[in-house]
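K.L.:
Based on the provided sequences and hints, a complete structural model is requested.
For the sequence shown, our numbering gives the first residue as 136, with consecutive numbering after it.
Note that these hints are calculated values from the structure, not bench results. Some hints here could point you the wrong way.
No farther apart than 30 Å at their CA atoms in a straight line, the calculated lysine-lysine pairs in the DSSO-like style are these [claimed, not checked]:
no., residue 1, residue 2
1, 359, 207
2, 232, 191
3, 155, 374
4, 180, 191
5, 376, 191
6, 356, 180
7, 155, 356
8, 232, 155
9, 356, 214
10, 374, 232
11, 374, 214
12, 376, 232
13, 191, 155
14, 214, 232
15, 180, 232
16, 359, 155
17, 214, 359
18, 191, 374
19, 207, 232
20, 155, 376
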Amino acid sequence: MSRYGTTPGRPEEYRQHGEKAVRPRDAATLIIVQQAEEHRILLGKRSMKHKFMPGKFVFPGGRLDYIDQRIKVPSELTKTVFTRLRRETRSNVSDAKLRGLALAAIRETFEETGLVVGRPSPEVVRTTNHSWTQYFSHGVVPPLEDMDFIARAITPPYRNRRFDTRFFMVHDSAIQSDPSQVSSASGELLDLHWLTLDEARETDLPAITRMVIDVVEERLKIPKSQQQAAPAPFVRNAKSKWLSSNL
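P.N.:
This is the structure in structure tokens:
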């Protein structure tokens, strides 16, 4: 068992005996670190209407959409991050999909919190996607070069909703809107707060979120210029055994 234990859920969140395990869907999460006397991170409470981890405090994020893989933006993940992101990934997974995961984290954060994570740019990116159109209307482009890949986790096969989630981290210097004006824009995340790491640990967290907070804490001890080179833990469950490796 993982040293973080498991996250108890409602009976309907678990796969029934004899049912085939569902295939994990690609997803991405964004941890935004606010530079203050004590580092703070943004967490929100999942609606009780959600079928996956209702009522839990989590980072903004969600599923990879097709548009995230197709949209062309004038920025790129660093070679260091791209290399680590590709480790233990099937060879047929395209660079566009890996890049799309980072873009999905930015888009979902914008949809769920209203925060514009980007860098100012005069370049016009054209798309018919509503969320991305709204995002680009702020005169920004995704700050891919500033995004760090810090963890990956696959939901255990005994859950009936599964995600292969990549966790990205960015510092609040990339926020181009008022960080105090977070809102439950989409209604998916409620009760949004900037919390110190210790305050975050006091909330009702999924086991994986608790683990990632520890990863964030260790990463912030490294000089900012070296953080992207630090390994990312990859946690998954296979044949009832918890496996962990570094990417």
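K.L.:
Confirm or reject each hint.
P.N.:
Checked hints:
| no. | hint | verdict |
| --- | --- | --- |
| 1 | 359 <-> 207 | 28 Å, holds |
| 2 | 232 <-> 191 | 28 Å, holds |
| 3 | 155 <-> 374 | 13 Å, holds |
| 4 | 180 <-> 191 | 5 Å, holds |
| 5 | 376 <-> 191 | 24 Å, holds |
| 6 | 356 <-> 180 | 27 Å, holds |
| 7 | 155 <-> 356 | 42 Å, violated |
| 8 | 232 <-> 155 | 26 Å, holds |
| 9 | 356 <-> 214 | 22 Å, holds |
| 10 | 374 <-> 232 | 28 Å, holds |
| 11 | 374 <-> 214 | 34 Å, violated |
| 12 | 376 <-> 232 | 28 Å, holds |
| 13 | 191 <-> 155 | 26 Å, holds |
| 14 | 214 <-> 232 | 15 Å, holds |
| 15 | 180 <-> 232 | 28 Å, holds |
| 16 | 359 <-> 155 | 44 Å, violated |
| 17 | 214 <-> 359 | 16 Å, holds |
| 18 | 191 <-> 374 | 26 Å, holds |
| 19 | 207 <-> 232 | 12 Å, holds |
| 20 | 155 <-> 376 | 18 Å, holds |
When held up to the earlier numbered hints, the structure conflicts with 7, 11 and 16 and fits the remainder.
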